[in-house]
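Colleague: Now for the letters of each chain:
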Amino acid sequence: MGIDDGTRIILGSLRNKVSPNVDMMSNVVLEQTQRENIEFDRTADVNLQQLYIDEREASQVFRPTCKFSFIFKNNYIGSTNYAPFKNNLFYTNAIQNAVSATVNPNLPWEGYPQYFEFDFIRTDNNNPGYTQPPNNHLTFVNKSATTYNWTHYMSYAYDNNPNKQLEAVDNKTTASWSWVASDGIPFIISVGSNDSARVISFRCVMPHGLNVNDYVYLSFDYVGERLFLVSSLGDAGFGSEEYIFNITNIGYTGATFNQGVTGTFKKVINDANSGETMSTYYVRRHKILTSSENAVLVKAGFEQNIFNSKSKLETAVLTPNNLTRTSVKEGGQAYTLTFNTDIDITDLIDNQKRPLSELYFTTIWKGYFGWTNPLKEGFTFNLPLVNNQPSPWWNVNNASSDTNLPIGIYFSQTTPPVGPFVYTENLQIGDIIDGDFCEFNSYNQVERVVSNILHKFTFNSLRFNLTGNTTSNNPNQLGYFYRPHKPIVIRSFSDYIEEGDAQLIVGIPNYSFYSNLSNSFRWRDLYDFGFIDDLGNGVDYPFINGKHYPFTENIFRLIPEGSQIGDQFINEIAEPTTDECE
Amino acid sequence: MFASCRGVFGHMFQNNWINGVLYMPSFNKQTVFNIYGQPRYKYCDDIIFYNDVNNSFFYRSSPWNGSEFIGGPKPVASTLLPVNIGPQQSDDSANTRQILFPTTILDMGKRDEFIGEICSSSEFEGKYLGNTFMSSSYNDSSDILQLGIISRLVNANWLGQLFNSGAGSINQFFSRSGDRIDGDIAQSFSINSEYQINPFIAGNYADNQIYVGEDTTGPVFGVFYNASGVTNNSQYKNRRALSPGINIYNFTPLLQNQYGYPKTQEVPFYKWLISASNSIFGNELNNWYTSANGNQTGNGFYKQKYQSLDVIGDDYFKTPLMSTGFPNIYYGFITNYDTLGNPVISSPVVPNPVLVGSPNHFYFGLKNGKTALNRFIKLYIDTELE
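If you read the sequences in order, they're chains A and B. If you read the first sequence in our numbering, its first letter stands for residue 1, the second for the next number, and so on. If you read the second sequence in our numbering, its first letter stands for residue 1, the second for the next number, and so on.
Chain A on its own, in the form it takes in the complex:
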């Protein structure tokens, strides 16, 4: 055995730039392969703590649990003459309705749908004429009590959709944007070069995520230049720094930066390498990990949220079916959600091709009782009302706000059958649905949620017509919205960025980012289970029988549209006055 004379052995680093130096020699170690038995010795010492740590670190199996505080304001009064619905409202105009009914019993009654139409667990399983025969809407199946209104899943951020079509309307100026997610964040110039101010102010309808001395890459250019330095944030309005950024007005001419000009921007950290340090924008997509049957939803003991439940006695004479009952407008029960299956993330990577660090409790409005229309999806910036009406984004005819959730229909069990009633079908393992609108910067390896995704449902006006609807089939009604995805952190990335030369450092993770700017790989470490740093990053969940049991507490809000304090209110609250006394 010998070496060919023509063969040259060189260090790996001399082959090409990124090749590591490897040990070409195999070290043979002396290793004991047999052990002497000691007579009568039947025990072996084991370091249990180390064993626990080792098993915990090796395990990729999770059983997440969360507690939901369901907070809901029953806000919309409507009317219906569909008997199963009509007989079960929380009446708001009962006397007048009863008087009218003496003339024509088929006239609609007004009120709120009761709380159990929205609750996580329906309890109206014994309601003749509605959930039980005779002539009922449907026959209640007790096993389905937790899945009539909502279904729950585990999901994870699976990949990104940079081509998602988005729209927004500025409710101050009614300026509108239509852009795809990868274009970045829309803005309108609120103080332009034509205002002769020191700065040019860009107002966004969502948090811009910029810092002073960052750069913005605009969707239009000024004399061929698109990159501009952010000189300051905000204006005099309290909290405006999240939504307004400024560039110095050096005397721009022309109409490029005139007030009212709209466009989009992307964040750039370093102008020396704008391509590498420019953020990317996309809508996350989630993959479903469990089926609806895997969800185990139960009441969280006696826990109620802080708001009192609201109920009243409906006197027989003031009901359409002359039955005394108690109707509930709002309740406060808290729930716990867990799953009867393991979540094994061994082979899963997130939307940035990294190991999973977050799972999501995904809650979807099912609406099986048929009060509502199919779900629409949008983002926080779609919430503000425009001229006191929902944004055009939510119009049923706007396909961009449609979800890809499967829809089912059925007819009631009444005689004659009434329908169709629509509901959201259960999702299946592997289904993919949209998530939040996000920004990711490869250079600093940070993902930011720009705007949460929201689901909105409206009432089926043929069966429950909102008071105030001008037409019987209003295509753009007020409705309720909610955040479908609630994250739970299962591992934490470090708050620092590791940076290293592959020739010098072993164990660079495969999800690291190679920066030409710094000529190194950049990544964030995954903390070990049980380690929590000074900033509170890290997780320390129970681990037993080879599984992690992460848990979290969520507030699940079902919010009536138009009641939220949205971004439209920024700039209208002056900063608190401070003087030397403070």
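Treat the hints with caution; some may be incorrect.
16 Å max Cα-Cα, derived EDC-like pairs, lysine to aspartate or glutamate [said to hold, decoys possible]:
1) A/Lys287 x A/Glu225
2) A/Lys287 x A/Asp431
3) A/Lys312 x B/Glu68
4) A/Lys486 x A/Glu553
5) A/Lys312 x B/Glu113
6) B/Lys305 x B/Glu68
7) B/Lys378 x B/Asp112
8) B/Lys303 x B/Glu68
9) B/Lys303 x B/Asp314
10) A/Lys312 x B/Asp310
11) A/Lys310 x B/Glu117
12) A/Lys67 x A/Glu553
13) B/Lys110 x B/Asp314
14) A/Lys143 x A/Asp124
15) A/Lys547 x A/Asp342
16) A/Lys329 x B/Glu113
17) A/Lys312 x B/Glu125
18) A/Lys329 x A/Glu110
Just so you know, the hints here were simulated from the structure itself, not pulled from any lab data. Values in this document were obtained by computation on a predicted structure and should not be read as measured data.
Following the hints, position chain B against chain A.
Modeller: Same frame as chain A, but now just chain B:
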């Protein structure tokens, strides 16, 4: 007139039910012991009953034969006394039969107005009445007395008697035996002090709602009383809520809910006999009807569960003009309106005798701020301003 100014007209409450705090009158007993040292009690067993099982004294309620309230006998003076000393059998100032002293419980409704919102139960379905009760339902009757006097003054026939009778003329106000005030005046006093009624004071009633007339027995006067009805807290709605426990939501069409008082007790009632006359008010000889055939069947006093008394179903004053809607609604007291709200003087009264007053008289005490109702409010209702 001088006599009236000197207070010859006294007031007393008799023969009807009044709501207040139960008063337990004291009684005397004498305890004697037999030779074995066992006590025996001597007491007035007309009103007291001794139960030797639990060694307790009980107040007697009302004579009962197992199915009817039959009342007790009229108290009559002993035959050993000289004639005309003490009450005589022929004296109709005393009741023919005596209901005596029954007591029962009146449910005054929810303690707190909001309890129905906390407990969504039919148990608290009733209307909140707490803010409608006063220490007494008594309303000042001086205007009525004045009207009664005027009604006599303007009557020529009565004036003739006045001048012919000299100093004894004041007796003309007391036509009923036992020196009791005339029946038409007495009934007006009674109605005026019922719970939730529009009291007879200046401005409450128009001239055409006051009747001054006469019939064969002499001058008669009456007031066409009413109670407000349309508003949510109207007097009529509160009266219906007190008994028989009905919440009225709308009059035309009538929307009401009868929640009732399931634990109310059956009790006996005297009735009021309206003498035949040319007006609904009868005349000065209107009087209590105290025979034990209140149902006109000879089977005892008229009886009904106290808070089931219903101005529609029970033997309250009614005329054919009355209905379940205003203005000619079943009020339960002596009045009469047509469909336009005009008083109608003459109308058949069916039935007669009629139930009056109950359960709409309240009396919790005399001293301002120290009545039983005041004590209740002080103890159980937070009246402090925050």
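Colleague: Hint by hint, say whether it matches the structure.
Modeller: Each hint, compared with the structure:
no.: 1; hint: A/Lys287 x A/Glu225; result: violated (40 Å)
no.: 2; hint: A/Lys287 x A/Asp431; result: holds (6 Å)
no.: 3; hint: A/Lys312 x B/Glu68; result: violated (42 Å)
no.: 4; hint: A/Lys486 x A/Glu553; result: holds (10 Å)
no.: 5; hint: A/Lys312 x B/Glu113; result: holds (13 Å)
no.: 6; hint: B/Lys305 x B/Glu68; result: holds (13 Å)
no.: 7; hint: B/Lys378 x B/Asp112; result: holds (14 Å)
no.: 8; hint: B/Lys303 x B/Glu68; result: holds (8 Å)
no.: 9; hint: B/Lys303 x B/Asp314; result: holds (10 Å)
no.: 10; hint: A/Lys312 x B/Asp310; result: violated (28 Å)
no.: 11; hint: A/Lys310 x B/Glu117; result: holds (8 Å)
no.: 12; hint: A/Lys67 x A/Glu553; result: holds (5 Å)
no.: 13; hint: B/Lys110 x B/Asp314; result: violated (25 Å)
no.: 14; hint: A/Lys143 x A/Asp124; result: holds (13 Å)
no.: 15; hint: A/Lys547 x A/Asp342; result: holds (8 Å)
no.: 16; hint: A/Lys329 x B/Glu113; result: violated (20 Å)
no.: 17; hint: A/Lys312 x B/Glu125; result: holds (10 Å)
no.: 18; hint: A/Lys329 x A/Glu110; result: holds (13 Å)
Comparing the model with each numbered hint stated earlier shows that hints 1, 3, 10, 13, 16 do not hold.
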